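Q: Spelled out, the chains give:
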Amino acid sequence: DVKVTQSSRYLVKRTGEKVFLECVQDMDHENMFWYRQDPGLGLRLIYFSYDVKMKEKGDIPEGYSVSREKKERFSLILESASTNQTSMYLCASSPLRTGKPYEQYFGPGTRLTVT
Amino acid sequence: QKEVEQDPGPLSVPEGAIVSLNCTYSNSAFQYFMWYRQYSRKGPELLMYTYSSGNKEDGRFTAQVDKSSKYISLFIRDSQPSDSATYLCAMSGATDSWGKLQFGAGTQVVVTP
Numbered sequence: 001d002v003k004v005t006q007s008s009r010y011l012v013k014r015t016g017e018k019v020f021l022e023c024v025q026d027m028d029h030e031n032m033f034w035y036r037q038d039p040g041l042g043l044r045l046i047y048f049s050y051d052v053k054m055k056e057k058g059d060i061p062e063g064y065s066v067s068r069e070k071k072e073r074f075s076l077i078l079e080s081a082s083t084n085q086t087s088m089y090l091c092a093s094s095p096l097r098t099g100k101p102y103e104q105y106f107g108p109g110t111r112l113t114v115t
Numbered sequence: 001q002k003e004v005e006q007d008p009g010p011l012s013v014p015e016g017a018i019v020s021l022n023c024t025y026s027n028s029a030f031q032y033f034m035w036y037r038q039y040s041r042k043g044p045e046l047l048m049y050t051y052s053s054g055n056k057e058d059g060r061f062t063a064q065v066d067k068s069s070k071y072i073s074l075f076i077r078d079s080q081p082s083d084s085a086t087y088l089c090a091m092s093g094a095t096d097s098w099g100k101l102q103f104g105a106g107t108q109v110v111v112t113p
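Chains as they are written, first to last, in our numbering: chain A, 1 to 115; chain B, 1 to 113.
It is possible that some hints are incorrect.
In silico contact screen, one side only, chain B against chain A (beta carbon under 8 Å); selected entries [said to hold, decoys possible]:
hint, residue
1, Lys42
2, Pro44
3, Leu46
4, Met48
5, Phe61
6, Gly106
7, Val110
The set of hints was computed from the structure by calculation and includes no laboratory data.
It should be emphasised that the depicted structure is a prediction, and the values quoted were computed from it without experimental measurement.
Quick reminder that beta carbons are idealized off the backbone N, C-alpha and C, glycines included.
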């Protein structure tokens with residue numbers, strides 16, 4: 001059974017802190033994604049990775065960085081958290097070799113509050 | 001203007017009714033069209049997946065794509081309270097091999113017993 005896990009369901013951080021969000025998938029998928037979800041805006045892509053140590057900017061990368069040292073793990077880093085980064089963060093993965101890279105599998109999300 | 005537009009709702013229907021959801025889009029390069037369902041406090045899960053134009057049926061769910069109008073729909077027949085969720089449309093272009101999706105804002109559906 002497909003599984004994507006995220007390190008925390010809820011997180012509260014202070015302005016200026018460095019924040020790490022971890023995502024692990026057990027499906028041997030090549031692609032991994034980080035989104036944020038805000039009311040009325042839907043899911044917006046922050047970064048994605050199509051291979052180990054490879055990354056590409058999404059639509060809203062400012063204020064974020066990512067790391068992918070192993071195929072199964074994709075980390076999102078908020079270098080200096082700000083209140084406008086309060087949001088639901090969703091990780092997803094998708095296969096490349098099956099020809100359906102559009103079939104994304106999502107984790108349960110991390111609700112981050114920055115105070 | 002967003003590439004994908006979706007009415008956020010909420011859409012409230014009685015049990016047994018047909019739920020009709022839709023999205024419009026502006027990018028004519030989109031070839032893959034998906035519907036995801038998201039229950040409260042959960043991540044989205046893929047519900048339906050369609051390539052190019054036409055209809056696709058899966059049990060109580062029917063997805064329609066009209067590329068000439070840049071309009072996609074999802075119909076849920078014989079709706080159940082367990083169908084109460086947020087439904088997100090998503091789409092992608094054929095040339096985008098990395099699987100990047102553009103999502104709509106999501107429509108909240110409430111099916112009342």
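Q: To test your reading of the hints: which numbers does this structure violate?
A: Hints 4, 5, 7 contradicted; others consistent.
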